[in-house]
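> Put together the whole structure using the sequences plus the hints.
Each chain, letter by letter, is given below.
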Amino acid sequence: QVQLVQSGAEVKKPGASVKVSCKASGYTFTGYYMHWVRQAPGQGLEWMGRINPNSGGTNYAQKFQGRVTMTRDTSINTAYMELSRLRSDDTAVYYCARDPLVGTTLFDYWGQGTLVTVSS
Amino acid sequence: DIQMTQSPSSLSASVGDRVTITCRASQSISSYLNWYQQKPGKAPKLLIYDASSLQSGVPSRFSGSGSGTDFTLTISSLQPEDFAAYYCQQSYSWTFGQGTKLEIK
Chain G
1 QVQLVQSGAE
11 VKKPGASVKV
21 SCKASGYTFT
31 GYYMHWVRQA
41 PGQGLEWMGR
51 INPNSGGTNY
61 AQKFQGRVTM
71 TRDTSINTAY
81 MELSRLRSDD
91 TAVYYCARDP
101 LVGTTLFDYW
111 GQGTLVTVSS
Chain R
1001 DIQMTQSPSS
1011 LSASVGDRVT
1021 ITCRASQSIS
1031 SYLNWYQQKP
1041 GKAPKLLIYD
1051 ASSLQSGVPS
1061 RFSGSGSGTD
1071 FTLTISSLQP
1081 EDFAAYYCQQ
1091 SYSWTFGQGT
1101 KLEIK
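Residue numbers (my numbering), protein chains in the order written: chain G, 1 to 120; chain R, 1001 to 1105.
Bear in mind the hints are in silico, worked out from the structure with no lab data behind them. A couple of the hints might just be wrong.
Unchecked claim - Okay, derived cross-link-like pairs now, DSSO-like style, lysine-lysine, Cα gap no bigger than 30 Å in a straight line:
#, chain 1, residue 1, chain 2, residue 2
1, R, K1045, G, K12
2, G, K12, R, K1042
3, G, K63, G, K13
4, G, K19, R, K1045
5, R, K1042, G, K63
6, R, K1042, R, K1101
7, G, K63, R, K1045
8, G, K13, R, K1042
9, G, K12, R, K1039
Unchecked claim - Chain G is faced by these chain R residues, among others (derived, beta-carbon under 10 Å):
#, residue
10, E1081
11, A1085
12, Y1092
We put the CB at the ideal spot given by N, CA and C, even for glycine.
Structure below.
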């Protein structure tokens, strides 16, 4: 069965970086984009960017350009999202979600979420 | 950037009611519109893709319609498990609407 398992909760200080992992199983990792979406406490969903695990190519939301880096390791079917220069308003649950490389864009499986807390 | 605007932001309804949530795009997105349901503390769940296609395993009381800039999600007869937040998403550049919280009246 398809599973996306994310790394555990993180507490970081302002100005630091965080790297969240998303390990995929139950499907061909290189056949699906991996997107990252975040949700601040009590707020809506915010798309951050995506990576093509096949090529390593990325697309980032303009808001996060220069602060976010998405990478992958195809040998262990894992995608990563690193956010730098953290601020208090980066406190959120971060989700990964897969999307087929070919055909309709849809996020059909999601990770369980990783809470990142930014606090001094 | 394509902006997505949902209405209403919140809605109170009773079990058995028919409910409609709307989503408007700032420019035409053809039928590239998805709907998700999210319950507290859980990841979102895909309900509808391409504006009107029901995701596998989703009950048939959920339906979607629309094209261009105006879209709707309809729940034909609310069940207790349907009280949740709902989000639309355009799949040109993946942005979401601000969400609609569906609460029990």
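> Check whether the Cα positions of K1042/R and K63/G lie no farther apart than 30 Å.
Since the Cα atoms of K1042/R and K63/G sit roughly 25 Å apart, the hinted pair holds (cutoff 30 Å).
> So if I understand the rule, the pair passes when the alpha-carbon distance is 30 Å or less; does K1042/R with K1101/R pass?
holds (14 Å)
> Would the pair K12/G and K1042/R pass a check requiring their Cα atoms to be no farther apart than 30 Å?
Distance of about 23 Å is within 30 Å: holds.
> Holds or violated: are the alpha carbons of K63/G and K13/G at most 30 Å from each other?
Holds, because 21 Å separates the two Cα atoms, which is no more than 30 Å.
> Given Y1092/R was flagged as interface, is its beta-carbon under 10 Å from a beta-carbon of chain G?
holds (8 Å)
> Holds or violated: K13/G and K1042/R, Cα atoms, limit 30 Å.
holds (26 Å)
> Just to be careful, I want the Cα atoms of K63/G and K1045/R compared with a cutoff of 30 Å; is the pair within it?
Cα-Cα ~25 Å, so holds.
> If you draw a straight line from the CA of K1045/R to the CA of K12/G, is it 30 Å or shorter?
holds (29 Å)
> Can A1085/R be said to touch chain G, with a Cβ gap under 10 Å?
With a closest approach of 8 Å, the A1085/R hint holds.
> Is the hinted pair K19/G and K1045/R satisfied, with a Cα-Cα distance of at most 30 Å?
Satisfied, since the Cα-Cα distance of roughly 24 Å is no more than 30 Å.
> Would the hint on E1081/R stand, with a C-beta cut-off of 10 Å toward chain G?
Check failed: Cβ of E1081/R comes no nearer than 18 Å to chain G, outside 10 Å.
> Under the criterion that the straight-line Cα-Cα distance not exceed 30 Å, is the pair K12/G, K1039/R satisfied?
holds (27 Å)
Comparing the model with each numbered hint stated earlier shows that hint 10 is the single one that does not hold.
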